[in-house]
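Undergrad: Those protein sequences? They're chains E and L, same order as listed.
So for the first sequence, the working numbering puts the first residue at 601; every next one is plus one.
So for the second sequence, the working numbering puts the first residue at 50; every next one is plus one.
A few of these clues could be false.
Unchecked claim - Straight-line C-alpha distance at most 35 Å; calculated DSBU-like pairs for lysine-lysine:
id : chain 1 : residue 1 : chain 2 : residue 2
1  : L       : K63       : E       : K659
2  : L       : K63       : E       : K656
3  : E       : K656      : L       : K106
4  : E       : K659      : E       : K707
5  : L       : K106      : E       : K707
6  : L       : K63       : E       : K670
7  : E       : K707      : E       : K670
8  : E       : K670      : E       : K659
To be verified - Restraint-style ranges between C-beta atoms, simulated for each label pair:
id : chain 1 : residue 1 : chain 2 : residue 2 : range
9  : E       : P681      : L       : G102      : 43 to 49 Å
10 : E       : G616      : L       : V61       : 38 to 44 Å
11 : E       : V655      : L       : E101      : 34 to 40 Å
12 : L       : S129      : E       : D667      : 44 to 50 Å
13 : L       : S67       : E       : T651      : 26 to 32 Å
14 : E       : E641      : L       : E122      : 38 to 44 Å
Said to hold, decoys possible - Sample of chain E residues with no beta-carbon within 12 Å of chain L, all distances over it, derived:
id : residue
15 : Q606
16 : L661
17 : D683
18 : L686
19 : R697
20 : T705
Please keep in mind that the hints were generated in silico from the structure rather than gathered at the bench.
Virtual Cβ for every residue (Gly too), placed ideally from N, Cα, C.
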Amino acid sequence: TQLLEQSPQFLSIQEGENLTVYCNSSSVFSSLQWYRQEPGEGPVLLVTVVTGGEVKKLKRLTFQFGDARKDSSLHITAAQPGDTGLYLCAGINNDMRFGAGTRLTVKP
Amino acid sequence: NAGVTQTPKFQVLKTGQSMTLQCAQDMNHNSMYWYRQDPGMGLRLIYYSASEGTTDKGEVPNGYNVSRLNKREFSLRLESAAPSQTSVYFCASSIQVFSGNTIYFGEGSWLTVV
Numbered sequence: 601t602q603l604l605e606q607s608p609q610f611l612s613i614q615e616g617e618n619l620t621v622y623c624n625s626s627s628v629f630s631s632l633q634w635y636r637q638e639p640g641e642g643p644v645l646l647v648t649v650v651t652g653g654e655v656k657k658l659k660r661l662t663f664q665f666g667d668a669r670k671d672s673s674l675h676i677t678a679a680q681p682g683d684t685g686l687y688l689c690a691g692i693n694n695d696m697r698f699g700a701g702t703r704l705t706v707k708p
Numbered sequence: 050n051a052g053v054t055q056t057p058k059f060q061v062l063k064t065g066q067s068m069t070l071q072c073a074q075d076m077n078h079n080s081m082y083w084y085r086q087d088p089g090m091g092l093r094l095i096y097y098s099a100s101e102g103t104t105d106k107g108e109v110p111n112g113y114n115v116s117r118l119n120k121r122e123f124s125l126r127l128e129s130a131a132p133s134q135t136s137v138y139f140c141a142s143s144i145q146v147f148s149g150n151t152i153y154f155g156e157g158s159w160l161t162v163v
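Extracted from the complex, chain L is given alone in its bound form (with noise of 0.2 Å):
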């Protein structure tokens, strides 16, 4: 039972180095989430694909973009990074989105931007 797959689970970036991290669900799930995890902060979303072909802002999408490559797949990419981008990524994806379905967890990217 793979459930949400992250890829890679640490890395250590120069600023201004680009990177993507990449993210794929096995469970038909129609929306996908990414989210940044900082102390004392929560989880903070950043992107969402309500649904194949669609994504929209969350709370915190600068510095950001993102792909909905198909179905099972949806990539974060950051053109530039920051310090300020040091955090813990985590993927997520449900049924629908913002439903009260349940929303099933990767177990997280660590990335390090020095």
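So that you can see chain E by itself, here it is in the shape it has in the complex (with noise of 0.2 Å):
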């Protein structure tokens, strides 16, 4: 069972659309961090979010942390085919777990 929970795991989408990817927990971080990762290298951070209900954007991406700071959402405007790759949310106390990720691809 994955500490974070990520949602959907599959996403396939046209260029253009929207979409919203989830991070679940049911334990409290003191922060969350977003990454991408493209195949054949190591993830990149998009952005750590700190304060519970948190909103950051990042041009086309808005990030939100939840409330509670158990969860966190991923909101992606007008996707365009270089969103295509793997997010994966990761979460820090004293240590630091990542969730599976969501694999997103936009068609042109």
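The two chains are supplied separately, each in an independent frame; assemble them into the complex guided by the hints.
TA: Quick look at the structure:
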């Protein structure tokens, strides 16, 4: 059983569509990070959220940390083929645990 | 900008063989990590080194050993490889361990044990 559950596991959409992926846990985290990983490469940090209810925007990506600091969401507006990749969330306390990821494919 | 460099990129081992994965970072980071990534499992921490001279077990340490050779280098050793250790291994580094700082990952090492 994963400490962090990410959903959906796979998502395939057309260019221009909007989407939301989720990262849920029963644990409270001091902070949570989102990473994107492309094939053959290591994960790259997108954002760190620290405060419950916090919303951060990175161009077309909007990240929200749940009020209770147990969950997070990533919303992408007008997805582009360059957004294709594996999106991983990671919860941080005295250690760092990753979810299994959402594999996103954006078709032109 | 080298960042985190790990070698080898690909390796095939026979069951029972040993090997060492090498990792070096040039960002003057205090903390270094070894993760493995398996389909549907995400990244799981094998060992980490909070600072030079210290190492600690992570989530899945069995069958592995590590050495923090100096501030730059952190190696992972498989003493007697098993098929269950077939995976993609990532080395990573950060300024401070589990602090919410950015973790920088290497490009990965694909290991197959037959």
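Undergrad: With reference to the structure, classify each hint as holding or not holding.
TA: We went through each hint and held it up to the structure:
1. L:K63 x E:K659: 47 Å, violated
2. L:K63 x E:K656: 47 Å, violated
3. E:K656 x L:K106: Since the Cα atoms of K656 of chain E and K106 of chain L sit roughly 33 Å apart, the hinted pair holds (cutoff 35 Å).
4. E:K659 x E:K707: Holds, at roughly 20 Å.
5. L:K106 x E:K707: The hint is violated at about 41 Å.
6. L:K63 x E:K670: 42 Å, violated
7. E:K707 x E:K670: 32 Å, holds
8. E:K670 x E:K659: 24 Å, holds
9. E:P681 x L:G102: 43 to 49 Å: 46 Å, holds
10. E:G616 x L:V61: 38 to 44 Å: 43 Å Cβ-Cβ, so the 38 to 44 Å window holds.
11. E:V655 x L:E101: 34 to 40 Å: About 38 Å separates the Cβ atoms of V655 of chain E and E101 of chain L, which means 34 to 40 Å holds.
12. L:S129 x E:D667: 44 to 50 Å: 48 Å, holds
13. L:S67 x E:T651: 26 to 32 Å: 46 Å, violated
14. E:E641 x L:E122: 38 to 44 Å: Taking Cβ atoms as reference, E641 of chain E and E122 of chain L lie about 21 Å apart, which means the hint is violated.
15. Q606: 8 Å, violated
16. L661: L661 of chain E is indeed farther than 12 Å from all Cβ atoms of chain L, at 16 Å.
17. D683: 19 Å, holds
18. L686: Violated, because the least Cβ-Cβ distance between L686 of chain E and chain L comes to about 9 Å, which does not exceed 12 Å.
19. R697: Check fails; 8 Å does not lie beyond 12 Å.
20. T705: Holds, since 16 Å exceeds 12 Å.
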